[in-house]
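Student: What follows is the residue order along each chain.
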Amino acid sequence: MSANLASPHGAALDAAATTEGRSLWQDAWRRLMANHAAVTGLVILVLIALVSVVGPYLLPWTYDEIDWRHVEALPPDMATRHYFGTDSLGRDLLARTLFGGRISLMVGILATTVALFIGVTVGAIAGFVGGRTDQYLMRFVDLMYSVPLTFFVIILMVVFGRNFILMFLAIGAVEWLTMARIVRGQTLTLRNKEFIEAARASGGSTTWIIIRHIVPNVLGVVMVYVTLTIPQVILLESFLSFLGLGIQEPMTSWGMLINDGAAELEVSPRTLIIPAAFMTVTLFCFNFLGDGLRDALDPKDR
Amino acid sequence: MSAPLLAVRDLKVHFQVRSGGLLFADYVPLKAVDGVSFDLAAGETLGIVGESGCGKSTLGRAVLQLLPVTAGSVAWLGGDLTALDKKELKARRQDMQIIFQDPLASLDPRMTAGDIIAEPVRNFHSGMSGAAIKAGVQEMMAQVGLLPGMVNRYPHEFSGGQCQRIGIARAMILGPKLVVCDEPVSALDVSIRAQVINLLMDLQQAYGLAMLFISHDLSVVRHISHRVMVLYLGRVMEIADRDALFKAARHPYTQALMTAVPIPDPDKERAKPRVAVGVDLPSPLNPPSGCVFRTRCPKATQVCADVVPPLESAGPGHEVACHHWRD
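In the order they appear, the protein sequences are chains E and X. In this text, residue positions in the first sequence follow my numbering: the first is 46, and each later residue adds one. In this text, residue positions in the second sequence follow my numbering: the first is 357, and each later residue adds one.
I should point out that these hints are in silico values taken from the structure, not numbers from a laboratory. Hints may be right or wrong, so weigh each one.
Sample of chain X residues lacking proximity to chain E, with all beta carbon distances greater than 12 Å (derived) [unchecked claim]: (1) Ser408; (2) Trp432; (3) Pro459; (4) Gly523; (5) Pro644.
Straight-line C-alpha distance at most 20 Å; calculated SDA-like pairs for lysine to any residue [unchecked claim]: (6) X:Lys490 with E:Thr251; (7) X:Lys443 with E:Thr251; (8) X:Lys446 with E:Thr251; (9) E:Lys238 with X:Leu437; (10) E:Lys238 with X:Lys490; (11) X:Lys446 with E:Arg257; (12) X:Lys533 with E:Arg245; (13) X:Lys443 with E:Glu65; (14) X:Lys443 with E:Trp253; (15) X:Lys446 with E:Val174; (16) E:Lys238 with X:Lys443; (17) X:Lys442 with E:Thr252; (18) X:Lys446 with E:Arg245; (19) X:Lys533 with X:Arg478; (20) X:Lys368 with E:Trp253; (21) X:Lys368 with X:Ala439; (22) E:Lys238 with X:Ala461; (23) X:Lys443 with E:Val174; (24) X:Lys446 with E:Glu65; (25) E:Lys238 with X:Pro424; (26) E:Lys238 with X:Ser515; (27) E:Lys238 with X:Asp458; (28) E:Lys238 with X:Asp471; (29) X:Lys533 with X:Ala461; (30) X:Lys446 with E:Thr252; (31) X:Lys443 with E:Ile318; (32) X:Lys368 with X:Leu437; (33) X:Lys490 with E:Arg257; (34) E:Lys238 with X:Phe371; (35) E:Lys238 with X:Phe394; (36) X:Lys442 with E:Glu65; (37) X:Lys443 with X:Gln421; (38) X:Lys442 with E:Trp253; (39) X:Lys533 with X:Ile553; (40) X:Lys387 with E:Arg257.
Even for Gly, the Cβ is constructed at its ideal location relative to N, Cα and C.
Use the sequences and the hints to build the structure in full.
Tutor: Listed below in structure tokens is the structure:
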């Protein structure tokens, strides 16, 4: 390599076969793997996700099955194979916690994905095109910000009736706003970089530049925000379910289980503690992972 | 010389700058480039010099239509570029490229060197096969002195000089006829500088390139240019063949620039005559009346404040905008 530097023309071209470069993503991955808290978080998250998805199929009880012999909050009992006991209606708590985890994670991931797509699209367009487009899009974001969430959800319920999909819509409609603002800010700083000008000089259209240059370069920041949004969405879902605006019985989510558990706190604290522990651990892990990602993707400003 | 490849006439680029106003902003025009005209022939290098903030880079970008032009025309082989629509302009971009000052910032950090160099090809020849593109990229890399084995590396894995070579390869791969070099060596250290300059000159010879070479480094400009244009506050002060300008500069500003170049010998450096012009560049928002240079000019008189000096001929191909150049 140094030989080549000294002789700019022609020489030493036969030396060295194609070397693989290490992209910024690969570098970031290595830094992430060196971060113990983040790796632990990632491992636990994968475990919880796995258990939530596969677990319910392996249990003797389903989440909506009532054990008529134990229509009271049964403490953990190996003989009846209620490993975490039952809730006050005699349903297996372990099955319900795992199933609730499935719903909570699904809502978290799906709603965040919706927010991701809308937010990145709107933010990148607003930031890159600028001018009047930027004004209109961002004022719309401001407008949406000013609508109170619960109010918005109640209106949706009144108009469309109670529906599982509505919750994705409602949460997605709220979460993409911040994403759009973050992406717009990042895009503004990228927009005046020389490589964008170079792309324009070499004939790239606006759409092409956004897809090819803007989006990959904002993705680092966006990924961090995604890992921090998922727990936020899970909490939001819990909040809505707690108010009775979310998931309907007999389906359940961590938020609903906590709600039910809170009602029986004095009789059987276990019905509150178990789902709450699952949720807390998940939220912690997401936050650790998000923190680690931020450090890994942005080694300069730590 | 042959008919001009590029003919710029009375080019003006004004930016609207916000100057206060509470609810409704007040704007004043910042005349970054104000009435610049020049011709550029194929295979010719025009050096553009001037201190920072004089509109050198703005001029380069305006020629390539990367910035909106306020007035004037940029004619490419006789056809006005400012009148083209998006599609026609895109087709023209094959012939005109740009090389930037900051080598690292001009490369997308998420793309490999190969992808960066191939990008113009992908934009213009979307039907081209992957293998053909790869072959073209490898050939170009060899030509600018990069090992073809480096195609899969990312910009942060290269040195400044290597990044600049990637930038040059990207600019050259479509075989352009004009390259705007916006201070291509200012960010490189001196040992790399000569290599990059020589590379540019070799490429110019090989392809018959016309170059607009923007720089504040007079020795570099002297080395590479055929003609030199001196800008001050967005206006042309003097334009001449290289030798004429460096031997017999007519404009007081050019003379001041020349004497400001340090000589690497302390005795000669101390002994040489200087044309001092004061330090403060007037605000481009509020340029002086008449001749823009008069506030710093040792020869300034009343006429300089009243009348804008036109470009006068001071010899073959030598033009000066000064009332007193004969003195």
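Student: Each hint needs a verdict: does it hold in this structure or not?
Tutor: Hint-by-hint comparison with the structure:
No beta-carbon of chain E comes within 12 Å of the beta-carbon of Ser408 of chain X; the shortest separation is about 17 Å. Residue placement check: Trp432 of chain X keeps its beta carbon more than 12 Å from all beta carbons of chain E (closest about 14 Å). Its beta-carbon lying about 9 Å from the closest one in chain E, Pro459 of chain X breaks the requirement of being farther than 12 Å from that chain. The Cβ of Gly523 of chain X does not lie farther than 12 Å from every Cβ of chain E; its closest approach is about 7 Å, which violates its non-interface assignment.
Listed as outside the interface, Pro644 of chain X is consistent with that label: its C-beta sits roughly 30 Å from the nearest C-beta of chain E, beyond the 12 Å cut-off. Distance check on the hinted pair: Lys490 of chain X and Thr251 of chain E sit about 25 Å apart at the alpha-carbon level, beyond 20 Å; violated. With a C-alpha separation of about 13 Å, the suggested pair Lys443 of chain X and Thr251 of chain E falls inside the 20 Å cut-off, and the hint holds. For the given pair, Lys446 of chain X sits about 12 Å from Thr251 of chain E by alpha-carbon distance, which is consistent with the 20 Å threshold.
Pair hint Lys238 of chain E plus Leu437 of chain X does not hold up; C-alpha atoms about 24 Å apart against a cutoff of 20 Å. The hinted pair formed by Lys238 of chain E and Lys490 of chain X fails the criterion: a straight-line CA distance of about 27 Å is larger than 20 Å. About 18 Å separates the Cα atoms of Lys446 of chain X and Arg257 of chain E, which keeps this hinted pair within 20 Å; it holds. With a C-alpha separation of about 17 Å, the suggested pair Lys533 of chain X and Arg245 of chain E falls inside the 20 Å cut-off, and the hint holds.
Using a Cα cut-off of 20 Å, the hinted pair Lys443 of chain X and Glu65 of chain E is violated, with the two alpha carbons roughly 37 Å apart. Of the pairs offered as hints, the one joining Lys443 of chain X and Trp253 of chain E holds, with about 14 Å between alpha carbons and a cut-off of 20 Å not exceeded. Straight-line distance between C-alpha atoms of Lys446 of chain X and Val174 of chain E comes to about 18 Å, which keeps the hinted pair within the 20 Å bound. Simply put, Lys238 of chain E and Lys443 of chain X have alpha-carbon atoms about 24 Å apart, too far for the 20 Å limit, and the pair is violated.
Of the supplied pair hints, the one linking Lys442 of chain X and Thr252 of chain E holds, its CA atoms being roughly 14 Å apart against a limit of 20 Å. Of the supplied pair hints, the one linking Lys446 of chain X and Arg245 of chain E holds, its CA atoms being roughly 9 Å apart against a limit of 20 Å. The suggested pairing of Lys533 of chain X with Arg478 of chain X holds, with an alpha-carbon distance near 19 Å, which does not exceed 20 Å. As the CA atoms of Lys368 of chain X and Trp253 of chain E are separated by approximately 30 Å, the hinted pair breaks the 20 Å bound.
For the hint pairing Lys368 of chain X with Ala439 of chain X, the CA-to-CA distance comes to about 15 Å; that is within 20 Å, so the pair holds. At roughly 6 Å between alpha-carbon atoms, Lys238 of chain E and Ala461 of chain X fall within 20 Å of each other, so this suggested pair holds. For the hint pairing Lys443 of chain X with Val174 of chain E, the CA-to-CA distance comes to about 18 Å; that is within 20 Å, so the pair holds. With a CA separation close to 33 Å, the supplied pair Lys446 of chain X and Glu65 of chain E exceeds the 20 Å bound.
In summary, the hint linking Lys238 of chain E to Pro424 of chain X is supported, as the alpha carbons are separated by about 18 Å, within the 20 Å threshold. As the CA atoms of Lys238 of chain E and Ser515 of chain X are separated by approximately 19 Å, the hinted pair is consistent with the 20 Å bound. Of the pairs offered as hints, the one joining Lys238 of chain E and Asp458 of chain X holds, with about 10 Å between alpha carbons and a cut-off of 20 Å not exceeded. Annotation: proposed proximity of Lys238 of chain E to Asp471 of chain X holds, straight-line Cα distance about 18 Å (limit 20 Å).
For the hint pairing Lys533 of chain X with Ala461 of chain X, the CA-to-CA distance comes to about 24 Å; that exceeds 20 Å, so the pair is violated. Using a Cα cut-off of 20 Å, the hinted pair Lys446 of chain X and Thr252 of chain E holds, with the two alpha carbons roughly 14 Å apart. A C-alpha spacing of about 65 Å is found between Lys443 of chain X and Ile318 of chain E, which places the hinted pair above 20 Å, so the restraint is violated. With a C-alpha separation of about 14 Å, the suggested pair Lys368 of chain X and Leu437 of chain X falls inside the 20 Å cut-off, and the hint holds.
Between the alpha carbons of Lys490 of chain X and Arg257 of chain E the distance comes to roughly 19 Å, so the proposed pair stays at or under 20 Å and holds. At most 20 Å may separate the alpha-carbon atoms for a hinted pair to count; Lys238 of chain E and Phe371 of chain X meet this at roughly 19 Å. Between the alpha carbons of Lys238 of chain E and Phe394 of chain X the distance comes to roughly 29 Å, so the proposed pair goes past 20 Å and is violated. Among the hinted pairs, Lys442 of chain X with Glu65 of chain E is inconsistent with the structure: their alpha-carbon atoms are about 38 Å apart, more than 20 Å.
Our distance criterion of 20 Å between C-alpha atoms is met by Lys443 of chain X and Gln421 of chain X, whose separation comes to about 13 Å. Note on Lys442 of chain X and Trp253 of chain E: the hinted pairing holds, with a Cα-Cα distance of about 14 Å set against a maximum of 20 Å. Under the criterion of a C-alpha separation no larger than 20 Å, the hint pairing Lys533 of chain X with Ile553 of chain X is consistent with the structure, at around 18 Å. Annotation: proposed proximity of Lys387 of chain X to Arg257 of chain E is violated, straight-line Cα distance about 34 Å (limit 20 Å).
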